[in-house]
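Trainee: Given next are the chains, with one letter for each unit.
Protein chains: 2
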Amino acid sequence: MCFAMKRLGSTVLTLFVIWHTCDSGNVLVYPIEGSHWINMKILIEALHSKGHSITVLQSDKSWYIKEDPLFYETITLISSFRSGTHDVVYEMVVNMFEDKCLMKKLNESQFDLVLADPGLGAGAILAYYLQIPLVFNVRWTTTGEGHFDIAPSPLSYIPLTGTGFTDKMTFKQRLKNILHYFLTFYQKYVLIKPKYQAICDKYLQPKVDFFELQQAADIWLMRADFVFEFPRPTMPNVVYMGGFQCKPSNPLPQDLEVFVQSSGDHGVIIMSLGASVTQFPPDVAADLSDEIAAAFAELPQKVIWRHTGDKPATLGNNTLLVNWLPQNDLLGHPKVKAFVAHGGTNGVQEALYHGVPVVGLPLFFDQYDNLLRLQQRGAAKILSFETLDKTVFLQALQEVLHDPFYRMNMQRLSRLHKDQPMKPLDQAIFWIEFVMRHKGAAHLRTESYKMPWYAYHSLDVIGFLAFMAFTAVFLTVISIRYLFCRFCLKRKMKYE
Amino acid sequence: MCFAMKRLGSTVLTLFVIWHTCDSGNVLVYPIEGSHWINMKILIEALHSKGHSITVLQSDKSWYIKEDPLFYETITLISSFRSGTHDVVYEMVVNMFEDKCLMKKLNESQFDLVLADPGLGAGAILAYYLQIPLVFNVRWTTTGEGHFDIAPSPLSYIPLTGTGFTDKMTFKQRLKNILHYFLTFYQKYVLIKPKYQAICDKYLQPKVDFFELQQAADIWLMRADFVFEFPRPTMPNVVYMGGFQCKPSNPLPQDLEVFVQSSGDHGVIIMSLGASVTQFPPDVAADLSDEIAAAFAELPQKVIWRHTGDKPATLGNNTLLVNWLPQNDLLGHPKVKAFVAHGGTNGVQEALYHGVPVVGLPLFFDQYDNLLRLQQRGAAKILSFETLDKTVFLQALQEVLHDPFYRMNMQRLSRLHKDQPMKPLDQAIFWIEFVMRHKGAAHLRTESYKMPWYAYHSLDVIGFLAFMAFTAVFLTVISIRYLFCRFCLKRKMKYE
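Protein chains in written order, with this note's numbering: chain A, 709 to 1204; chain B, 709 to 1204.
Misleading hints may appear alongside valid ones.
Same chains, same names: a pair is fine if it fits in one copy or spans any two.
Said to hold, decoys possible - Derived DSS-like pairs (lysine-lysine); straight-line CA-CA distance at most 30 Å: (1) K896 - K769; (2) K812 - K901; (3) K896 - K910; (4) K1131 - K1147; (5) K910 - K1198.
No lab work stands behind these hints: they were computed from the structure.
Let's have the full structure, built from the sequences with the hints guiding it.
Mentor: What follows is the structure, encoded as structure tokens:
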């Protein structure tokens, strides 16, 4: 407790400032590279602005996560390759546990919390080892979409990522969805678990199950919300912070503003295929770029296209090629009428936040599924690279530009998304601080994951009831048969 | 839009006040009597203070719901008996639909929302008839605890109300829990559904299922939270407002304050068995009251006991009998050390809010289960009326008074409960207004309840897969047998 006295005229002003250790927490972060790091950094900066100390674990081969002593301290782990895969994480974590000096430092640092992206498994292992609470910044865990690890997920209306299904499925789709789910078991138990389990077996207490460490996370800060995601069962310790990275737009650089204003009433289309894709795969690049450029050239709109490959031969005067674009500031510009996007989560969320309808060109992973969630709500139109040509692309652009349906729907989603009791980022920070204040959030987390799977699904009870029913039927049949036989025998004896 | 200008020195201060129609909504309320009405009235008063118009539907035999034109308009429905049971509601709703004049009024009133307590089924029917959004103020629906109607509820760790089990059950308890669940089917489909379904069949469109009307509610304002309730799966449209009725205490009336202060360092115990029970059942009243009074008389604490029966013969000087007590103000008083309570939700929530440990004397319905949730967290001790005598009661009181474990745990629950991003009542009002602003909250509600039950549980897919597996095994066996026979036959023929 800090105690200060200040004489103010004849009045003694007494200030009591109560200082809690948890008001300024000590957070250990285990992030993932690429777009995941962009998200994590937003949380780190917000935590830093609230006075918390942050330490980030990174690979010595890291290509995205840079040292930034203004916001966080860095602990570097040794790896043979650039981090990202489970093999590299295995190597990094083993190196970490074998480095006695580093482990001493971690043990002595008195961290209050591990904040981890559970797409890789190291964070959960670290939190258990240090015996401190765990908060996930999550959309994917090591084994798939985050909800599947903690919330009941009826496969009859919850489509698996990659299936391209919605929450309304035909019999055939439901069948495929269930088969797809069983296929993920192979990934989960054969490809993913053994490496992490080996670490648990060697460095943690005996009989610690790696998946249980994940399920023990106190709070799951989910990078989604139900304006974007199909409604589905959830758990009390899941906090939805979808769009937490979105913010009002800033003014554009002057040259870009001049270009945008030159579009007049027609407005502007922007096109970007995300942070890691600035051009198409080499085998289709030239053809596709030509088709797209030719379609753009026929429009009265201006176009800003993030494109680093060869200049398309069919490029029109209305199209500006750029290496990089201020995506959020453009999406928030009133002249921007449509967004041609690959469907990465960040871009989709930004489009939704600013209410700009999307023409989707999904490439891989969850991109089709992300775009599908907008298309289902009438806010996007998805095209396929396989069938893409000038005509198809032009038609889709004109539809999204001129049919008010798309813009109205996207604006409606934007209004719903922004109409929350609390901003998603503030909500995320509240719950991280909550976990530090109360040293966990056990009251929000079921311990059902500790049950054997057959007990969780009541299979032992169902088996017992089935056995009892079978026994009852069996005994009844036997008794009836016995009585019947005796009766027949008696009659037979009587009449003989 | 309202536009105001005010000259302030040389500055023109311009105020823009944007007025939305939905800022002042028109709410139709279908409440339930008794303690449910106490809760609903808090919501109504809060909505009224935000400028919304409220109309309350009540029975002409209502014994709790009074006209109160300051806060709401009243529409009176005719019933033969005091409202409360499903039979009376059936009669009231039929009378309502048959009253052409009243129906014209309801249709013309342009309500924005039905706010209903789903313990009775009329609210859901009205919302469907008027084709307006529906918000539930809920803990129980017509068929049981609210969650069971909309969220997946694995019976392996979610105990049914009335079982007295926790979220950690033995095999035998899980078996009983499942059997108990199947028993509720009788109540649900034989006792409850037919009457409401008859109304749907007669006055709504054909093929409207009553239970689907309930499941279609936009928002479920749940009178619970996970400081009180065991953690369990939930849905995006469930908003937890447990303890929304709780508030800081006001000063006590002077005579009571004097009595309380006279307790010195020993403090005060309060005892109340709820709004509807002020004395024990007649057959045990005298004996029990004597035992309780005798136990109180042995304590150095002062006691305030809400008791209207005969004065117990063993009453001590330290015990004050009252007809009514300001429960919230007493629970918030620093001198109050323990609360002897029957375990009604309101009382339990107030004790939790103020952090006062409880000695529980449950009478019926959910009271044991409510108290069990506190006992599990070490914040209450439950006694049974069957085994209650002076010794048992005195021992329990002394344990709760002197073992710091109880108070510490209850204070911890209180801190957790109060540490929310938003006050529960504000949260409830936000979501009611949200539903009015957006004319529903369809994006938060799954439509899985529209699926046939076998499809929801994927039983058709599982059946198909089992059939395919069976067919595959059968064909394999047939083929092997055929080949084997041919082979045997050939060998036989060869050697013969």
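Trainee: Give a verdict on every hint.
Mentor: Verification of the supplied hints:
no.	hint	verdict
1	K896 - K769	within (27 Å within a copy, 62 Å between copies)
2	K812 - K901	within (27 Å within a copy, 65 Å between copies)
3	K896 - K910	within (20 Å within a copy, 53 Å between copies)
4	K1131 - K1147	both (24 Å within a copy, 22 Å between copies)
5	K910 - K1198	neither (74 Å within a copy, 60 Å between copies)
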